[in-house]
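**Student:** Read off the chains here:
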Amino acid sequence: MPALSPTMTEGNLSKWLIKKGDTVKAGDLIAEIETDKATMEVEAVDEGVVLDLLFKEGEANIPVNKAIAIIGDPNEKDQVKKETPAEKVIEEKKIQTNIEKKIENKKDDIIDTPSPKIDQDTILSSEEITMRQALRDTMAEEMRKDNKVFILGEEVAEYQGAYKVTQDLLQEFGKERVLDTPISEHGFTGLAVGAAFKGLRPILEFMTFNFSMQAIDQIINSAAKTLYMSGGQINCPIVFRGPNGAAAQVAAQHSQDFSSWYSQVPGLKVIAPSTPYNAKGLLRSAISDPNPVIFLENEILYGLKGPVNNDVNFSIPIGKANIEKEGKDLTIVTYSIMLQKSKEAALRLKEEYNLDAEIIDLQTLRPLDTETILNSVKKTNRLITVEESWPFGSVGSEIANIVQRDAFDYLDSPVIKVNSANVPMPYSLSLEKLYLPQIDDIMNAAKKVSYIK
Amino acid sequence: MKKLQKADYIKMYSFMLKIRRFEERAAQLYGMGKIGGFCHLYIGQEAVVVGILMTIDKNDSVVTTYRDHGHMIARGLDPKRIMAELTGREDGYSAGKGGSMHMFSKENNFYGGHGIVGAQVPIGTGIAFTHKYNGENNICRTYIGDGAMNNGQVFEAFNLAALWKLPVLYIIENNKYGMGTSVDRAAAGLDLYKRGEAFGIPGEKVDGMNVFSVIEAADKAGKYVREGNGPYIIEVQTYRYRGHSMSDPAKYRTKEELDNYKQTDPIEIVKAEILKKKIATNDEIEKINKDTLEEIKNAAEFAINSPFPKDSELYTDVYL
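Protein chains in written order, with my numbering: chain A, 556 to 1008; chain B, -1 to 318.
Rather than coming from a laboratory, the hints here were simulated on the basis of the structure.
Model, not experiment: these values are computed from the prediction.
For every residue, glycine included, the Cβ atom is placed at its ideal position computed from N, Cα and C.
The following label-pair restraints were derived from C-beta to C-beta distances:
#1 B:Lys56 - A:Asn616: 49 to 55 Å
#2 A:Arg699 - B:Asp55: 31 to 37 Å
#3 A:Glu727 - B:Asn135: 26 to 32 Å
#4 B:Asn135 - A:Lys730: 20 to 26 Å
#5 A:Pro845 - B:Asp55: 25 to 31 Å
Full structure from sequences and hints, please.
**Tutor:** Encoded structure:
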């Protein structure tokens, strides 16, 4: 009795299309079987003579894998032995169940968090540059090193980038390596993924990550999963980059933060820089990485100035958080634009409440540097997370989960998350301000975990 | 077009037969619970992939849909390892992690095996982009089911391929049904090969039950693309004898329709030609039949005896 659907356990023999003594060839129809879903015809796979029909037409509830007929060579004995014994099937199911149990028991830390030390022996430039320029320079440096690196996206070439992040790249590298695309995210993302499968190293700019939703199937189903689905044969060295989150009054469809969406996906690495310095080091690591990397920039930060390391080989390892400011009273874990607000809040906490906050800038969201977070919490015993994304299932939610699991006894108060409001982004300036986390929100959370009224 | 040699006829017959026997055996293993999940068979469509691949260069790339077993066999991949992937074992082409719909062989320039309808079309276009970017004289053959021809990303890919003159040959395998929905209930305008016209992509329709027609069209189209003229579309009219997947009884079509197509069985057409041209005798054909059956039996035997992947494999190949 053949299983004719993934869920079928038994079947009814509606009709025989052969009789004893018939000679059948592979592909001949032999019977009609009624399954839990439908009535289907079954073909012979082997050649031979029908030696016996083991069930009559109309017999019901025949278990899957039970022999229903014997086809063979009439001159050979012991044909019956060829059926699969039922015990063997049961045995296999057992093995399957055991595997499932083992999987359940396995801890959910799928990624081994790498913990290389950041080389703090940094040669800082005397001159401060913008985040925009840091990103641009890094792309240019990597394109000079490796001919396989190219950039594509909307308005990246002739227009010089919607936010001028690709300024002058067309002039230096030509139209073969700096490609303007049509407004066609699904298509050009799939194209870039195919190019990466075949060995190129595309940098794909989304004008904003809001438009990546048009292409999210290619990012997740194709870019992130193919290494696994191919048993390790086909990797996808691609960087998806562009501004993420809110800008200024661009309202609901252009302001979403996608950090937790992408951080949830095995196969992707997710980076969110906060300064020109780490943007440079992290983008270099992203371009050199053999895996698909989501690189979440922030439009408001493009103009932020700061010192950088001008060494063309300087990089910051993926998966390592930065302790932006040491402190002893509470830990603030944050990333991207919220680093700036967290720093301002920390200054005021010190001045107004004499609270010494430690600030951790995650830099990479996946793989998450849990070690740095846990060590900090073990020291300060209090934690707040600050991020721009919606609250439900955010990066902060996962951090709260990890900390309660691995540092429960160290906590002196519940973890508090600071997020945007749980609504679509409004247009009006006054409502936009209410929607986004503000310094006062961070202050209030810090006071609450410190039991200050 | 290069004249077909005697060996070519035998090769075509052998490959088409191998695909059919493989699929029948896969159906049997599915019935025995050795293959799980979704399993889409290629029976009836053999002339398409074998015809196309008679014109291929080994450095050309191929990307296709989830109905991919026949494509892999025609690419010269080992039926043992294909079957072992279907049974989810460690000797499978994806080490048991991909299954029927997601199989790859990078060394043979076979880029899947894609489970999302239409997704392989921009991907194949990107592989063609790479051939051009690297200055290679190779092309990417990208297969598309009739069902995907109503999917937006396909047209985005057509636009990009034409805009950038990419060396991609799109092959629409029109087997008349996207799952259970016939083409005329899904597509406004039945000439799918004309759907590149607006982008300036030439297209033509071919009888996909006849391997000789397929070869002729594939040869012409392949040359056009390889010469740097940009993409080309071939719509191959074919038919799957079986349902969409193993659990589909195909009640949405008539028995007469199926029987009609079986009258023009692609394998029988080649066989008749071989006998007519006296390329091989009946006995020689019988020997091929026997050897093929034996090879596929061995593949099945290999696939059910290959070990399941080790538990530790669960966590490998997520990142390189």
